[in-house]
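Everything in the sequence shown is counted per my numbering, starting at 11 for the first residue and increasing by one.
There could be a bad hint or two in this list.
Stated by the list, open to error - Derived lysine-lysine pairs resembling DSBU-like cross-links, with alpha carbons at most 30 Å apart: (1) Lys290 with Lys189; (2) Lys367 with Lys377; (3) Lys246 with Lys189; (4) Lys321 with Lys189; (5) Lys290 with Lys367; (6) Lys385 with Lys321.
Since the hints were made in silico from the structure, they are not lab data.
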Amino acid sequence: MSNQLAIKKGIISTFMPVILTERHISDATKVAERLHKEFVPIMQLPAVKGFRASQLAIRLDIGRMTCQRIVKFEGDSPPTPELLTQIPGISGLREFLTGLRNIGTPSEKLIGADTAVDDFSNFLTNIGLSQTKLATALSLHFESTDPKQRLARRKKLFEATSSVLGQSMGTTISILAFKFNPGTDTNFEQIATRGYTNISVSHSAMPIRLPINAAFSDYRKVEGSEAAREPQELIKEFCSTPLPSIDTRMIKEQNLAHIIDPENIPNGEPFDCFAMQCSKWNVTNLGKHKALWLYIDYPSRSCTFDVYLQKNLADANRISADCHLWGTSLLAPPEDLWMTRFSGEVSFTELGQGISKSDSSNYKRHKELTLNMFKKNNWNPAEFAGFRCEIEMPIWRSGICINLDQRT
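All chains should be built: construct the whole structure from the sequences, respecting the hints.
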């Protein structure tokens, strides 16, 4: 049984990627710096300098590949963790030093390099990786921390989900505005614009729904009698013409939602569709923490999520943003960052007072759409402060969250 378990563990370790921590990267950097410091002078010794790899292999009676890789120490660039994957392995480095000793190089000139190689060996042992597996782990680490690499992976997710679902959006857009009226029957008023540009749907795909945003107050969802939402209304001046036939359906809390059936889309041409919704909330037990969520229901090339808070509400809270995994069945609240958070995926911007900075490269009519929302409801945008989350190729089925934490 123990042998079988060992075999299974070996198989798992072979196929599972190793996630390196920042401490691992720091330690790898120190090892690389020490190796570089000790081996650069050795590369200048008369026994090494000026010889090609093939000549050096014969001269030291060692492998040619070792000599081809040892020249990595000749570079002027500052050493990085990647150096550990480019130089010879532990046995190759020791073979190289032994070869130098065999042709008469004094040991005192090599003792520092011996210690640096021992440090390299100990590092690999401590993290449980071979040099080859370290190369893979480093590649994964830097891909996950490089914004360009993250975008490339999100693009692959977009292409895959669009193909599987038969649905894609140019831009997912949500614009919310809130008034806070403490002590009144309806302590919050909200207006919301929600929609998509360049909606593309195959005739066999599931219908598209224009959903409402979710709100949480101290980790419980605001719903039922607390959230008196009115039915959505299409914003026809921002919808494509001709617009596909759109159904209205009853959803939770007896609100109407707009449903776009692919069967009603002539020729499957891309189109834009937006709706507006007003709400008057009576939220009890507000608590110190509130959160507003935009769920990425459909694969989208980009996403813009704007929240405008009346000045008294903005001043009373610290505003921040996150991107989370949506739909876990865990009992913890969705704002628990340690459990569900995607790191570094969202660009968060304070737009300042009013809507003068509300233009977006994701949708050329974004500022016009924002102004339309305020004008139709006779709200003065100068009384509000804006906050924006924006992301290219958002992760499908993620949730973008704007957090309001009450100042003490």
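Results for each hint:
no.	hint	result
1	Lys290 with Lys189	holds (10 Å)
2	Lys367 with Lys377	holds (8 Å)
3	Lys246 with Lys189	holds (25 Å)
4	Lys321 with Lys189	holds (9 Å)
5	Lys290 with Lys367	holds (27 Å)
6	Lys385 with Lys321	holds (18 Å)
Going through the hint list in order, the structure satisfies each hint without exception.
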